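S.K.: Sequence:
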Amino acid sequence: MAEGSTSNSLKGKIPSSIPLLENLGSLNLYSNALTGAIPDNFSDLISLKNVSLGSNSLSGAIPDSMSAILDLAYVDMSSNQLNGTVPKFFAEMKKLKYVNLENNEFPGVLPFNLSFMKRLDVLKSVETAICVTIDFR
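34 is the number that full-length UniProt numbering gives to position 34 of the sequence shown; each next residue is one higher, with no gaps.
The hints are simulated quantities; they were obtained by calculation from the structure and are not laboratory data.
Keep in mind that this is a model prediction, so the values were computed, not measured.
The C-beta atom is built at its ideal place from N, Cα and C for all residues, glycine as well.
One should not assume that every hint holds.
[To be verified] Distance windows between CB atoms, simulated:
| no. | residue 1 | residue 2 | range |
| --- | --- | --- | --- |
| 1 | Ser9 | Leu120 | 30 to 36 Å |
| 2 | Leu21 | Tyr98 | 19 to 25 Å |
| 3 | Gly36 | Ala68 | 19 to 25 Å |
| 4 | Ser115 | Glu22 | 26 to 32 Å |
| 5 | Asp121 | Lys88 | 17 to 23 Å |
| 6 | Asn23 | Lys97 | 18 to 24 Å |
| 7 | Leu10 | Pro107 | 27 to 33 Å |
| 8 | Ala33 | Ala61 | 18 to 24 Å |
[Said to hold, decoys possible] Only pairs whose alpha carbons sit at most 30 Å apart, straight line, appear in this in silico DSSO-like list of lysine-lysine:
| no. | residue 1 | residue 2 |
| --- | --- | --- |
| 9 | Lys97 | Lys49 |
| 10 | Lys49 | Lys95 |
| 11 | Lys94 | Lys118 |
Build the full structure now, drawing on both the sequences and the hints.
M.R.: Shown next as structure tokens:
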């Protein structure tokens, strides 16, 4: 993840102007002091393949609007205070290979089926209140 602001002590909310960068392929804001929710207009980042928002203080739910980012392959949202249910759209993303949701406040069960689990290379959900159940149908 070459592009981004890793460990630059960025503070505050994720700027709502970031989704204006519609040709952005990789967004790395790992290990800063970002707070608040992930903006709903993240869906405007239609070229995004990699997103790393881990090790911040982000809160709220993962926006359903992210389902519009069809080429996502790498998602790291670890070590935040994200909550709500894990969106079902992750299982429908054909190119997604890496998902890290550990160290958040997600309750319940991950809504992932067996075919999705087979496509993944990495799924991390350690130290959350969620568990993985696999639908063998």
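S.K.: Does each hint fit the structure? Answer for all of them.
M.R.: Quick rundown of the hints versus the structure:
no. : hint                         : verdict
1   : Ser9 <-> Leu120: 30 to 36 Å  : holds, 32 Å
2   : Leu21 <-> Tyr98: 19 to 25 Å  : holds, 22 Å
3   : Gly36 <-> Ala68: 19 to 25 Å  : holds, 21 Å
4   : Ser115 <-> Glu22: 26 to 32 Å : holds, 30 Å
5   : Asp121 <-> Lys88: 17 to 23 Å : holds, 20 Å
6   : Asn23 <-> Lys97: 18 to 24 Å  : holds, 22 Å
7   : Leu10 <-> Pro107: 27 to 33 Å : holds, 29 Å
8   : Ala33 <-> Ala61: 18 to 24 Å  : holds, 21 Å
9   : Lys97 <-> Lys49              : holds, 11 Å
10  : Lys49 <-> Lys95              : holds, 9 Å
11  : Lys94 <-> Lys118             : holds, 11 Å
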